[in-house]
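Chemist: Listed below are the residues making up each chain.
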Amino acid sequence: MNAIEIRNLNFSYTSDKKILKNLSLDIKRGSFVSLLGNNGSGKTTLTKLLVGLLSPDSGEISVEGVLLEKKTINEIRKNVVIVFQNPDNQFIGATVEDDIAFGLENRQIPRDEMLKIVSKYASLVDMSDFINREPSSLSGGQKQRVAIAGALALSPKILILDESTAMLDPKGKSEIISLIQDLRKNMPELTIISITHDMEEAALSDRILYLKNGEIVADDSPDNLFLNEKFVEENHIKLPFIYLLKKELNKQLLSSSGNTIEEVIKNVFKN
Amino acid sequence: MNNITFGRYTTENTVVHKLDPRNKIVLMILLMITIFLPFQVWSTTLILTGLVLAFLIVVMFLSKVNFLDLFRSIKGMWFLILFLMVIYFFIPDKSYTLPIPGTPFYYDAFYRCGYIVLRLIMLLSITTILTTTTKPMDLTYGLEFYMSPLKVIHFPSHEIAMTLSIALRFIPTLLDETNRIIKAQSSRGVDFEHGGIFKKFKAIISLIIPLFVSAIERSEELSNAMEVRGYNPKSKRSRYRMLKFHWCDLFAFLIVGAIFGGILTLSIYDQNIIQINIIYAIFGKMPLF
Amino acid sequence: MSLRTNSLFFSYTPKNKDKIYAIRDINIDIPLDKTTAIVGKTGSGKSTLIQTFNALLLPTEGSVEVANFVVTNNRRKNKANKDLRKYIGIVFQFPEYQLFEETVLTDVKFGPKNFGDSDEVATKKAKVALSMLGIDESYYERSPFELSGGERRKVALAGILAIDPDIIIFDEPTAGLDNKSVDELLDIFTNLRKIGKTIIVVTHDMNLVYDFCENVVVLENGQVVYQGSPKSLFSCNSQLFSLNLPNIVKIIYEISKYNSNISNSNIKTLEEAIQFIKEVKK
Chain U
1 MNAIEIRNLN FSYTSDKKIL KNLSLDIKRG SFVSLLGNNG SGKTTLTKLL
51 VGLLSPDSGE ISVEGVLLEK KTINEIRKNV VIVFQNPDNQ FIGATVEDDI
101 AFGLENRQIP RDEMLKIVSK YASLVDMSDF INREPSSLSG GQKQRVAIAG
151 ALALSPKILI LDESTAMLDP KGKSEIISLI QDLRKNMPEL TIISITHDME
201 EAALSDRILY LKNGEIVADD SPDNLFLNEK FVEENHIKLP FIYLLKKELN
251 KQLLSSSGNT IEEVIKNVFK N
Chain Z
1001 MNNITFGRYT TENTVVHKLD PRNKIVLMIL LMITIFLPFQ VWSTTLILTG
1051 LVLAFLIVVM FLSKVNFLDL FRSIKGMWFL ILFLMVIYFF IPDKSYTLPI
1101 PGTPFYYDAF YRCGYIVLRL IMLLSITTIL TTTTKPMDLT YGLEFYMSPL
1151 KVIHFPSHEI AMTLSIALRF IPTLLDETNR IIKAQSSRGV DFEHGGIFKK
1201 FKAIISLIIP LFVSAIERSE ELSNAMEVRG YNPKSKRSRY RMLKFHWCDL
1251 FAFLIVGAIF GGILTLSIYD QNIIQINIIY AIFGKMPLF
Chain P
2001 MSLRTNSLFF SYTPKNKDKI YAIRDINIDI PLDKTTAIVG KTGSGKSTLI
2051 QTFNALLLPT EGSVEVANFV VTNNRRKNKA NKDLRKYIGI VFQFPEYQLF
2101 EETVLTDVKF GPKNFGDSDE VATKKAKVAL SMLGIDESYY ERSPFELSGG
2151 ERRKVALAGI LAIDPDIIIF DEPTAGLDNK SVDELLDIFT NLRKIGKTII
2201 VVTHDMNLVY DFCENVVVLE NGQVVYQGSP KSLFSCNSQL FSLNLPNIVK
2251 IIYEISKYNS NISNSNIKTL EEAIQFIKEV KK
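Those protein sequence lines, which keep their order, are chains U, Z and P.
Residue numbering for the first sequence follows my numbering, starting at 1 and increasing by one per position.
Residue numbering for the second sequence follows my numbering, starting at 1001 and increasing by one per position.
Residue numbering for the third sequence follows my numbering, starting at 2001 and increasing by one per position.
If we strip away everything but chain U, and leave its shape as in the complex, we get (with noise of 0.2 Å):
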């Protein structure tokens, strides 16, 4: 079963240039995909689209088996989240509590349901200490747990993470990754989409798009899409280092299995 289906999807802003030109693309549900591309490629575009906060110039968007039209959108948005990329901008609530409280409002569910979910959301996320704190107070990394809490609290089916971690601290984009991880275990149902420039974020996801002025010109595993040694060259893409790792022992002859740099290093030595 797919949670996203995209048939033929153009877009553009204005009309000399296209920022999506004619894309279809099948998401399976249940999966751990990352977007990647430069700056521009349209990547956000395409994320905006998929929860209709824009409108596609032509082609068709599917959601959970829901077409997008304009008397679906609520209807998708329930199953659809994004979490954007800065903590500050995407704070609504006064504190930590209001804010991961805030969708549920809109959805009016009952008050005494709310400060279950709000509890097991805020605890899922690890901010249950800091319920009561504001904003101002809180690292960009917890602010980022946050919204996710808040976005998961909407028992979304997939969630879109839109350059999340691109302005946290290496601590904060640590918190994020694993938090990523712990879902993909408690939550097997849920899909997962990563606009990301961080490669070594993507490394880890099951399936690489990516996006290169409006077309998708690569959709593989990242296994074999970084070791794609032409098409690595082509777009400029930083390798992972562990990937580097195995190219350069690849390159000597030398034994490049393993999934972190300990084990690389222990295989080389053993054979």
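Among the hints, a few may not be true.
Stated by the list, open to error - Within a straight-line C-alpha distance of at most 16 Å, the following computed EDC-like cross-link-like pairs (lysine to aspartate or glutamate) qualify:
1) P:Lys2197 - P:Glu2061
2) P:Lys2180 - U:Asp198
3) U:Lys251 - U:Glu234
4) P:Lys2082 - Z:Glu1220
5) U:Lys48 - Z:Glu1221
6) P:Lys2180 - U:Glu248
7) P:Lys2015 - P:Asp2029
8) U:Lys157 - U:Asp220
9) U:Lys48 - Z:Glu1220
10) P:Lys2124 - P:Glu2137
11) P:Lys2250 - U:Glu263
12) U:Lys251 - P:Glu2272
13) U:Lys171 - P:Glu2220
14) U:Lys238 - P:Glu2184
15) P:Lys2194 - P:Asp2164
16) U:Lys247 - P:Glu2272
17) P:Lys2180 - U:Glu234
18) P:Lys2257 - U:Glu262
19) Z:Lys1199 - P:Glu2141
20) P:Lys2015 - Z:Asp1069
21) U:Lys171 - P:Asp2205
22) U:Lys70 - U:Asp57
23) U:Lys230 - U:Asp220
24) Z:Lys1202 - P:Glu2146
25) P:Lys2041 - U:Asp169
26) U:Lys251 - P:Glu2279
27) P:Lys2278 - U:Asp198
28) U:Lys270 - P:Glu2279
29) U:Lys17 - P:Glu2146
30) P:Lys2124 - P:Glu2141
31) P:Lys2250 - U:Glu233
32) U:Lys247 - U:Asp219
33) U:Lys238 - P:Asp2033
34) P:Lys2257 - U:Glu263
35) Z:Lys1135 - U:Glu134
36) U:Lys247 - P:Glu2271
37) U:Lys238 - P:Glu2220
Hints in this document: simulated from the structure, not taken from any laboratory.
Dock chains Z and P against chain U, hints included.
Modeler: Here is chains Z and P on its own, set in the frame of chain U:
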């Protein structure tokens, strides 16, 4: 930018902090009206005002208001006070009756001026109590409550409350931003403190435009975030925050209500039936004024 | 030549009785012929420290000395602030948010003109700075607000370079950039070094520190816990001050489990490390 401390919410846990914001708004208004109730005799006015002042001081102690901050904000009004003095001394009122011998001035001017300054300070104290003991967001909830009956005439009370609460939420963010831009432009040689009018103007422009640009960008992102989480100003929402009326609210209401009611009754009596002169009533003597 | 701080303290609330210092007792010596990185966790005081360098923040106690300038908490003694800010430029995080003029060229000219250059000289400097960042003439008359994020950042950077400061401080310059732009930025750094500018960079990116910088200052809770070369910082594995390791250091550490000779060798790049493995394997 960190020096704006006056009237900021303090995270104490006093009785006054615990009061329902809706209640506090009403009590504040009642006290403000009380201060402005008229009496015919000066001494009566002063005694009753003094009573209210004493009450306010007690409340300020109870709610742990920082008196130093209050004094600072009073100091900030020096110009207004000076202005009032000039008005009262040089533009005498026809009702002045006690000339200072040998001068064109009147004793009454002192009383009037002192009284108006006292009232100003009391107003300031009342608002300080409200803002230091109530979270801005709770204040908005309180205001929304009172505005909600106006929905009948299509008054956008919910939208106003939401706008207000988001504005409050973004004040610290925008202050940080302002600070950052000031520093960035200072690094490009802008002098925000010195220089002639033209240079100052240019300096301000170099601050305001980037601030606007970023605020607009923020608002766009914020509206996207709100929309994605299902916000629609026209549809109904449930409420996470509940305002609760406690027993102490009733108690506070009774006290303030008694002060307001008592002084109001006296004032009506004074204005319509017979003038009240407390000093005469107690000492059997007419005071000077 | 160096930039020195003497028992430098800074507090954002200096009037409070129990004031909290953002930075405490900083004594560092930053040689101007080297590229220096200032690293540390968020909230460790890095940004505060660099802002005292060009007197955007005045020390609560102590002083900063560089060239003929002395920054202390005495406002009157700091008359030369403007000259100091011409000498030391700071490129803040997300500098694209400081653009405000109608055209790219006038925005870049803004800095030099503030520091007393005539319009003609400022235009010349602006053009040099813009070309250094690969922004050609076709951009001069465009509004900075219609440019892409990456282009806006370059224009903002040009706005500082046009002032022609001797020392340029970058606060998290790679934040929010895609890989291509990061590579471009590193090229710009290299060019700046070639023309004799001193670069000080505040960063979280340990690979940048290891590959690009010759000197590093580590801050922790407002205090300096290390200053010296990146190589010796990352070789003393026991004391890493909760920093992330540069990738190459991780490899060296892993290899050292199997062959301890590597710890004493002079390996700085991945290729060298692989070469080392190859030789050992033989």
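Chemist: Hint by hint, work out which the structure violates, then give me just those numbers in ascending order.
Modeler: 1, 3, 4, 6, 7, 8, 19, 24, 27, 31, 32, 33 and 37
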